[in-house]
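Student: Could you put together the complete structure from these sequences and hints?
Chains as they are written, first to last, in UniProt numbering: chain B, 1 to 283; chain D, 1 to 267.
Be aware that a few hints might be false.
Which stretches of chain D does chain B cover? Using the computed rule of at least three CB atoms under 8 Å from a CB of chain B, they are [said to hold, decoys possible]:
| hint | stretch |
| --- | --- |
| 1 | 9-22 |
| 2 | 91-100 |
| 3 | 106-120 |
| 4 | 195-204 |
| 5 | 221-230 |
| 6 | 238-248 |
Computed list of lysine-lysine pairs in DSSO-like fashion (alpha-carbon distance at most 30 Å, straight line) [what the hints assert, rightly or not]:
| hint | chain 1 | residue 1 | chain 2 | residue 2 |
| --- | --- | --- | --- | --- |
| 7 | D | K2 | B | K170 |
| 8 | D | K3 | B | K170 |
| 9 | B | K170 | B | K275 |
| 10 | D | K31 | B | K146 |
| 11 | B | K137 | D | K31 |
| 12 | D | K31 | D | K42 |
Hint data in this document are derived by calculation from the structure and do not stem from the laboratory. Just so you know, these numbers come straight off a predicted model, no measurement behind them. No residue lacks a Cβ here, since even glycine has one placed at the ideal position from N, Cα and C.
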Amino acid sequence: MQRAFSSFVRGGNSALPGYKLSLAATLLWTGFFIILPLIALTLRPWQDGIGAVVNELHDTRMFAALWTSFSSAALAALFNIPLGMLLAWALVRGNLPGSGLANALVDLPLALPTAVSGITLATLYGPQGWLGAPLAKLGIVVAYSKPGIVIALMFVGLPFVVRTVEPVLKNLPRDLEEAAALLGARPWQIITRVVIAPLVPALITGFGLAFARGVGEYGSVIFIAGNQPFHSEIAPLLVVVRLQEFDYSGATAIALILLLTSLLALALVGLARRKFSVWGDGA
Amino acid sequence: MKKYLLWAITWGLIGIVLLMPPAVVVVEALKNGLGPALETLKDPDGIAAIWLTLEVSLVSISVNTIFGVLAAWLLTKYRFPGRSALLVLVELPLSISPVVSGLVWLLLFGAQGWWGPSLEAAGIHIAFAVPGIMLATLFVTLPYVVRTLVPLMEQQGCDAEEAAMLAGANFWQILWHVTLPGARVALFSGILLTTARAMGEFGAVSVVSGHIPGLTETMPLHIESLYNGYQTVAAFTMATLLAAMAMSAVLLRSAPEWIARRRGAQA
Numbered sequence: 001m002q003r004a005f006s007s008f009v010r011g012g013n014s015a016l017p018g019y020k021l022s023l024a025a026t027l028l029w030t031g032f033f034i035i036l037p038l039i040a041l042t043l044r045p046w047q048d049g050i051g052a053v054v055n056e057l058h059d060t061r062m063f064a065a066l067w068t069s070f071s072s073a074a075l076a077a078l079f080n081i082p083l084g085m086l087l088a089w090a091l092v093r094g095n096l097p098g099s100g101l102a103n104a105l106v107d108l109p110l111a112l113p114t115a116v117s118g119i120t121l122a123t124l125y126g127p128q129g130w131l132g133a134p135l136a137k138l139g140i141v142v143a144y145s146k147p148g149i150v151i152a153l154m155f156v157g158l159p160f161v162v163r164t165v166e167p168v169l170k171n172l173p174r175d176l177e178e179a180a181a182l183l184g185a186r187p188w189q190i191i192t193r194v195v196i197a198p199l200v201p202a203l204i205t206g207f208g209l210a211f212a213r214g215v216g217e218y219g220s221v222i223f224i225a226g227n228q229p230f231h232s233e234i235a236p237l238l239v240v241v242r243l244q245e246f247d248y249s250g251a252t253a254i255a256l257i258l259l260l261t262s263l264l265a266l267a268l269v270g271l272a273r274r275k276f277s278v279w280g281d282g283a
Numbered sequence: 001m002k003k004y005l006l007w008a009i010t011w012g013l014i015g016i017v018l019l020m021p022p023a024v025v026v027v028e029a030l031k032n033g034l035g036p037a038l039e040t041l042k043d044p045d046g047i048a049a050i051w052l053t054l055e056v057s058l059v060s061i062s063v064n065t066i067f068g069v070l071a072a073w074l075l076t077k078y079r080f081p082g083r084s085a086l087l088v089l090v091e092l093p094l095s096i097s098p099v100v101s102g103l104v105w106l107l108l109f110g111a112q113g114w115w116g117p118s119l120e121a122a123g124i125h126i127a128f129a130v131p132g133i134m135l136a137t138l139f140v141t142l143p144y145v146v147r148t149l150v151p152l153m154e155q156q157g158c159d160a161e162e163a164a165m166l167a168g169a170n171f172w173q174i175l176w177h178v179t180l181p182g183a184r185v186a187l188f189s190g191i192l193l194t195t196a197r198a199m200g201e202f203g204a205v206s207v208v209s210g211h212i213p214g215l216t217e218t219m220p221l222h223i224e225s226l227y228n229g230y231q232t233v234a235a236f237t238m239a240t241l242l243a244a245m246a247m248s249a250v251l252l253r254s255a256p257e258w259i260a261r262r263r264g265a266q267a
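Tutor: And the structure:
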């Protein structure tokens with residue numbers, strides 16, 4: 001204990017100058033900007049007493065919103081797996097014409113400010129939009145309902161899947177596919193046993209990252225979602241609604257659940273990657 | 001034949017999923033032509049929003065670059081108990097919902113927050129004012145400089161720094177003349193990511209801003225007001241400008257690579 005403390009004060013075995021200064025600056029910075037907010041977030045729901053917390057657990061609108069957020073984020077991440085895999089494969093192996101442009105476009109959802117994505121997707125899939133109008137003729141309504149939420153979350157989550165699958169695919173020896181073909185494997189067998197199997201840890205990571213992002217996503221969703229309580233209202237929006245009602249405890253309870261879910265998803269990703277890793281940790 | 005089919009499917013998907021959204025932004029902005037679009041940029045509330053966005057970005061870049069460099073130095077040059085916990089902590093804002101990143105500041109400085117009422121009584125306004133917007137943006141952009149610097153500085157090791165120390169250099173001299181020159185590209189990239197995120201942040205800022213046009217509206221918030229007020233051309237013109245600013249920051253990260261390649265080609 002005492003040794004750990006003295007090591008903390010001296011900065012381990014390094015003799016480089018500046019330890020105390022950089023330690024003080026970092027503790028000040030993270031203390032004010034991260035630890036203090038986290039303490040406030042954890043303590044606030046209990047401030048109005050246990051009764052308020054129990055009351056919060058009877059809030060059916062909160063559970064409806066959480067369900068909308070979790071199910072839409074999971075569906076979007078799931079749909080993104082084949083889409084992301086196809087794009088990653090096309091970028092790495094497909095000799096795709098214009099692959100430089102395609103590569104830059106994959107990062108677009110991360111670079112586009114979320115409010116811009118939001119109003120754009122709402123317009124694109126709206127009743128008069130380029131995609132919304134033809135879909136409406138087929139009887140498919142996307143904007144201002146649950147499918148709209150999934151579409152928006154697919155857009156913001158896609159880069160996570162592509163960018164985690166891509167490096168693993170790049171490191172996968174191409175000879176393996178040829179060897180499997182020479183040994184008489186059918187194309188379907190090659191895809192499932194030789195290409196997809198080693199990608200599983202990366203796919204789980206991509207799914208987890210896209211899910212964690214989707215659960216908390218706000219700006220790109222609220223314009224297309226419709227935002228009807230109990231139906232198409234996402235949990236982050238309900239946080240905002242509760243704040244407007246000056247119900248800080250209610251808002252904080254939802255915020256805590258959102259935070260814990262994202263952290264849990266990311267922790268599970270770490271575990272699952274270790275368990276399913278076939279080729280070592282490539283992702 | 002099969003190859004062309006695959007190319008067609010892939011580009012079709014890229015077109016629908018990734019190419020159409022930015023096209024919509026520009027087309028909607030120019031719906032009535034270039035003149036009316038540019039006219040909307042003369043709105044004083046819009047100009048105020050642009051200035052506020054630049055101000056907030058500048059503050060976020062300065063604070064998070066200075067502290068980010070010091071934190072990266074601490075996390076890569078020393079091994080001390082609690083180091084891995086600090087690494088996790090510094091990346092935390094990336095996995096927190098933007099709305100929650102705004103909410104925490106209301107819990108501390110809002111009207112019903114811990115210190116809000118007493119600060120308010122002393123005449124210091126944080127929530128629903130510019131300082132609150134700065135705090136929320138500083139929080140969401142905190143990780144970028146550290147997380148781009150740490151892997152690179154870790155790889156560099158400490159040999160050059162130790163040599164400089166033995167030659168009599170002090171901390172600032174080592175940092176400025178030995179460590180940072182080698183980490184220039186990563187630092188540049190981290191600063192640009194901070195810039196892009198600071199300019200585009202919507203959820204966190206929306207919670208703490210109070211949405212007062214001309215005073216506490218950043219560009220993303222002003223876009224929301226315009227869009228909800230059915231001023232489509234104005235909303236998408238501002239959106240085009242904001243997207244161009246954020247995306248050029250992201251694309252500029254490849255600039256050092258281009259420069260190096262051109263120099264390599266000339267040599």
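Student: A separate judgement is required for each hint: does it hold in the structure or not?
Tutor: Do the hints match the structure? See the list:
1. 9-22: Contact hint for the stretch 9-22 of chain D vs chain B: holds, 12 residues under 8 Å.
2. 91-100: Check passed, 8 qualifying residues.
3. 106-120: Since three or more residues must qualify, the claim that chain B covers the stretch 106-120 of chain D holds, with 8 doing so at under 8 Å.
4. 195-204: holds (count 6)
5. 221-230: Our answer is that it holds, as 4 residues pass the Cβ test (under 8 Å) against chain B, meeting three.
6. 238-248: n = 5 at 8 Å, threshold three: holds.
7. D:K2 <-> B:K170: holds, 22 Å
8. D:K3 <-> B:K170: Holds, at about 19 Å.
9. B:K170 <-> B:K275: Judged against 30 Å, a Cα distance of about 22 Å means the pair holds.
10. D:K31 <-> B:K146: Between D:K31 and B:K146 the Cα gap is close to 29 Å, so the pair holds against 30 Å.
11. B:K137 <-> D:K31: holds, 24 Å
12. D:K31 <-> D:K42: Within the cut-off at roughly 18 Å; holds.
In this structure, none of the earlier numbered hints is contradicted; all agree with it.
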